[in-house]
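Chemist: First to last, the sequence lines map onto chains G and P.
Under the working numbering, think of the first position of the first sequence as 1, with each following residue one higher.
Under the working numbering, think of the first position of the second sequence as 312, with each following residue one higher.
Some clues are possibly wrong.
Claimed, not checked - Computed footprint of chain P on chain G, listed as stretches where at least three residues anywhere in the stretch have a Cβ under 8 angstroms from a Cβ of chain P: (1) 31-45; (2) 87-94; (3) 100-106; (4) 210-218.
Unchecked claim - Computed from the model, here is a short list of chain P residues facing chain G with C-beta under 8 angstroms: (5) T323; (6) D329; (7) E513; (8) T514; (9) T516; (10) V520; (11) T522; (12) T523; (13) T526; (14) R528; (15) W566.
These aren't lab readings, by the way, just hints derived from the structure by calculation.
Glycine is no exception: its CB is placed at the ideal position from the N, C-alpha and C atoms.
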Amino acid sequence: MTDTVIPILVEGLRKRYGEINALDGLSLRVEHGEIVGLIGPDGAGKTTAMGTVCGLVRPDDGFARVMGLDCREEGQRVKEHIGYMPQRFSLYSDLTVAENLRFFADLFEVSSSERRERQERLMAFSGLAPFLGRRAGALSGGMKQKLALCCTLIHTPDVLILDEPTTGVDVVSRSEFWTILRDLAGEGMALLVSTPYMEEAALFDRLILMHRGRAVASGTPGEVRSRFGQRLLEVTGPGIAKARERIVGLRWPGVDVHRFGDRLHVVHDLEEEDAGIREALARVDVRVGPVEPTIEDTFISLVTHSPEAAG
Amino acid sequence: MRRILALARKETYHILRDPRSLMVAIIMPIAMVILYGYAIDMELSDLPVGILDEDQSPASRELVTRMMSSQFIVDAGRLSSREEVEPGFRRGRFRAVVVIPRGFAESLVREPVSRVQVLIDGADATTAAAVDNYLRAAILLFNSGIAAGRPGSAELPMGARVRVLFNPQLESDNFIVPGLVAIVLVMICALLTSIAITREKETGTMEQVLTTPITPRQLVIGKVLPYLLIGSADGALVLLAGRFVFGVPMHGSWWVLAGYSLIYLLIALALGLLISAVAATQRVAMIMALMATLLPTMLLSGFIFPRASMPWPLQWIGQIIPATYYLEVIRGIMLKGRIWFPLEGGVMVGMALLLMAMAVKKFETTME
Numbered sequence: 001m002t003d004t005v006i007p008i009l010v011e012g013l014r015k016r017y018g019e020i021n022a023l024d025g026l027s028l029r030v031e032h033g034e035i036v037g038l039i040g041p042d043g044a045g046k047t048t049a050m051g052t053v054c055g056l057v058r059p060d061d062g063f064a065r066v067m068g069l070d071c072r073e074e075g076q077r078v079k080e081h082i083g084y085m086p087q088r089f090s091l092y093s094d095l096t097v098a099e100n101l102r103f104f105a106d107l108f109e110v111s112s113s114e115r116r117e118r119q120e121r122l123m124a125f126s127g128l129a130p131f132l133g134r135r136a137g138a139l140s141g142g143m144k145q146k147l148a149l150c151c152t153l154i155h156t157p158d159v160l161i162l163d164e165p166t167t168g169v170d171v172v173s174r175s176e177f178w179t180i181l182r183d184l185a186g187e188g189m190a191l192l193v194s195t196p197y198m199e200e201a202a203l204f205d206r207l208i209l210m211h212r213g214r215a216v217a218s219g220t221p222g223e224v225r226s227r228f229g230q231r232l233l234e235v236t237g238p239g240i241a242k243a244r245e246r247i248v249g250l251r252w253p254g255v256d257v258h259r260f261g262d263r264l265h266v267v268h269d270l271e272e273e274d275a276g277i278r279e280a281l282a283r284v285d286v287r288v289g290p291v292e293p294t295i296e297d298t299f300i301s302l303v304t305h306s307p308e309a310a311g
Numbered sequence: 312m313r314r315i316l317a318l319a320r321k322e323t324y325h326i327l328r329d330p331r332s333l334m335v336a337i338i339m340p341i342a343m344v345i346l347y348g349y350a351i352d353m354e355l356s357d358l359p360v361g362i363l364d365e366d367q368s369p370a371s372r373e374l375v376t377r378m379m380s381s382q383f384i385v386d387a388g389r390l391s392s393r394e395e396v397e398p399g400f401r402r403g404r405f406r407a408v409v410v411i412p413r414g415f416a417e418s419l420v421r422e423p424v425s426r427v428q429v430l431i432d433g434a435d436a437t438t439a440a441a442v443d444n445y446l447r448a449a450i451l452l453f454n455s456g457i458a459a460g461r462p463g464s465a466e467l468p469m470g471a472r473v474r475v476l477f478n479p480q481l482e483s484d485n486f487i488v489p490g491l492v493a494i495v496l497v498m499i500c501a502l503l504t505s506i507a508i509t510r511e512k513e514t515g516t517m518e519q520v521l522t523t524p525i526t527p528r529q530l531v532i533g534k535v536l537p538y539l540l541i542g543s544a545d546g547a548l549v550l551l552a553g554r555f556v557f558g559v560p561m562h563g564s565w566w567v568l569a570g571y572s573l574i575y576l577l578i579a580l581a582l583g584l585l586i587s588a589v590a591a592t593q594r595v596a597m598i599m600a601l602m603a604t605l606l607p608t609m610l611l612s613g614f615i616f617p618r619a620s621m622p623w624p625l626q627w628i629g630q631i632i633p634a635t636y637y638l639e640v641i642r643g644i645m646l647k648g649r650i651w652f653p654l655e656g657g658v659m660v661g662m663a664l665l666l667m668a669m670a671v672k673k674f675e676t677t678m679e
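With the rest of the complex left out, here is chain G:
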């Protein structure tokens, strides 16, 4: 691993599927030791972007490079540097844990001594060691994800690309999984990870908020949140349903209400609106106060208010 090459570099990627612009000029880069998150709703283009980097998708325009190699021209060599874990569990359910690992080690032509050493380490940190002889199909959801991760790591890639690895995984497994990812980044690996969960955003070193095939914001979680250029009030308490009706009833064009579980976030632009909202909620059983915007607030604000993203 030389530190001069950028592990993942993507410039101006475009890809059309018929009428749909899956990628519309996406650019991004991931450095060694960094976990970069691709965040966005389903259909934002996350999977297509990752597929392009892995050499599975041929872009219409722009380029993707891994370790300085062009993903289109030198696909075969690029693949040796990448560990890719698709969104769907894609290992052989009728093979055992050990057989799956062996299979991928062989495809990457990992020498058998290296494989044994690597397998031992992977089994140790994933906790899969007791299940080596078990068929992959008989593992729990979290275990399956860990096995998939181990299979993508068996050839010691420089770059790890994970497509929604924590989707459908229980909370405990999810946090364990993140611990593993952190360790890998600590070893200098470059990780590109997609997730539909905005609440996972804070765990990334840098984020790319994706919407309709392009990045609407990128930077550290803090930087992304600072892109939220509006005012925000949080409303909590038993009366939030009524509070919501009241605010909507004001019919102010610049005011948006979003519900996140047990709280409302009221997005607005002007100080007078702030006062008006507080007044409208004076006799409702809720607490109202200013709050720091979350990534989700930022995403919604950017998507609904920036003209080029909304178009």
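Guided by the hints, dock chain P onto chain G, whose structure is given.
Modeler: Frame of chain G; chain P shown alone:
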């Protein structure tokens, strides 16, 4: 090489752990051999034939004895008058009735041509043709015996059953078993290969494999290798059953047969690969594989129905079916001991190369 072996090993695990594909690979060929081998055998033995002997002379009795001394025909009893003929057919007492008219013995001596009437139940055309040909042969022999001055001394032709059903020029040739090899090979290989690959597409494992540095060529070879072995084993199984259970002759070289069969297997595998490139699900792949292999091979290649008797569009379609050529080859080797098949061999090699090239090409494009 290592990648190819890894794929082949993995594929073998799949086959061994999936009862369905094991069934297809092992039970199906055996079932087909038993079904075809015995079904066609049974159809042409023990056919009930009734006799109406109006002459009651030593010569007529001699003819009856000649006709009945065969495993293919059983004596369904004597009729006493022509009135019994039609009800007997209706009730299925017999498939045919031989009427030896009064004065038969005398006419043998006095007249240049003697007449014997054969009435055949035409409801089952195949059997009717068999009975017809068999009885004709028996009468012919009886006649030639008389001509030589020693009535009924010639042996009856034991190979009559095959001759009457299929091609009268090729004596005592058994067509069914070589044809079965052609069907089993193409069906098993195309079916299993196409299912194996579409399954990987369906479960998403193909995508994972494609993110490894494996090349399309390695992928195709590794995937296909185990099925090549299974196909070879199945072919050998059918051939051995044919040779030792059904007594099919083998006049040619096993090695020559193995060589041509390998080319044929490659065609079948390439066909399976192509189907898997088009089909999105295992179900579709299965239907396509059966449509592309089983039906045309059975109906149009000359397996059972002679191609010469088909209308020209079907004959033309038959020309693009690999089994048409392989059938010529395998029958030629087994029954005639031929070695060189410049036309059929050439066409088969051409088909194999073309289909393999198309399959690899198709794979390369789907990999992008």
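Chemist: Does each hint hold? Answer for all of them.
Modeler: Outcome of the hint check:
1. Residues of the segment 31-45 of chain G with a Cβ under 8 angstroms from some Cβ of chain P number 0, which does not satisfy the need for three, so the listed coverage is violated.
2. Counting residues of the segment 87-94 of chain G whose CB lies closer than 8 angstroms to any CB of chain P gives 7, so the stated coverage by that chain holds, three being the minimum.
3. A stretch counts as covered by a chain when three or more of its residues have a beta carbon under 8 angstroms from one of that chain; for the segment 100-106 of chain G and chain P the count is 4, and the coverage holds.
4. Only when three residues or more bring their CB closer than 8 angstroms to a CB of chain P does the claim for the segment 210-218 of chain G stand; here the count is 0, and the claim is violated.
5. Residue-level restraint check for P:T323 is violated (minimum Cβ-Cβ distance to chain G is 11 angstroms; threshold 8 angstroms).
6. About 7 angstroms separates the beta-carbon of P:D329 from the nearest beta-carbon of chain G, less than 8 angstroms, and the hint is met.
7. Nearest Cβ of chain G to the Cβ of P:E513: about 11 angstroms, over the 8 angstroms cut. The hint is violated.
8. Proximity of P:T514 to chain G holds as hinted, the smallest CB-CB distance being about 7 angstroms (cut-off 8 angstroms).
9. With a cut of 8 angstroms, the hint placing P:T516 at the interface with chain G holds, because the nearest CB-to-CB distance is about 5 angstroms.
10. For P:V520, the shortest C-beta to C-beta distance to chain G is roughly 7 angstroms, which falls under 8 angstroms, so the interface hint holds.
11. For P:T522, the suggested interface contact is upheld, since its CB lies about 4 angstroms from the closest CB of chain G, less than 8 angstroms.
12. Restraint check, P:T523 versus chain G: the minimum CB separation of about 4 angstroms is within 8 angstroms; hint holds.
13. Interface restraint check: P:T526 against chain G, minimum CB-CB distance 7 angstroms, threshold 8 angstroms, status holds.
14. Evaluation of the P:R528 hint against chain G yields a violated restraint, the C-beta minimum of about 12 angstroms exceeding 8 angstroms.
15. Hint status for P:W566 relative to chain G: violated, with the closest Cβ pair at about 34 angstroms, above 8 angstroms.
Consistency note: the structure conflicts with the earlier hints numbered 1, 4, 5, 7, 14 and 15.
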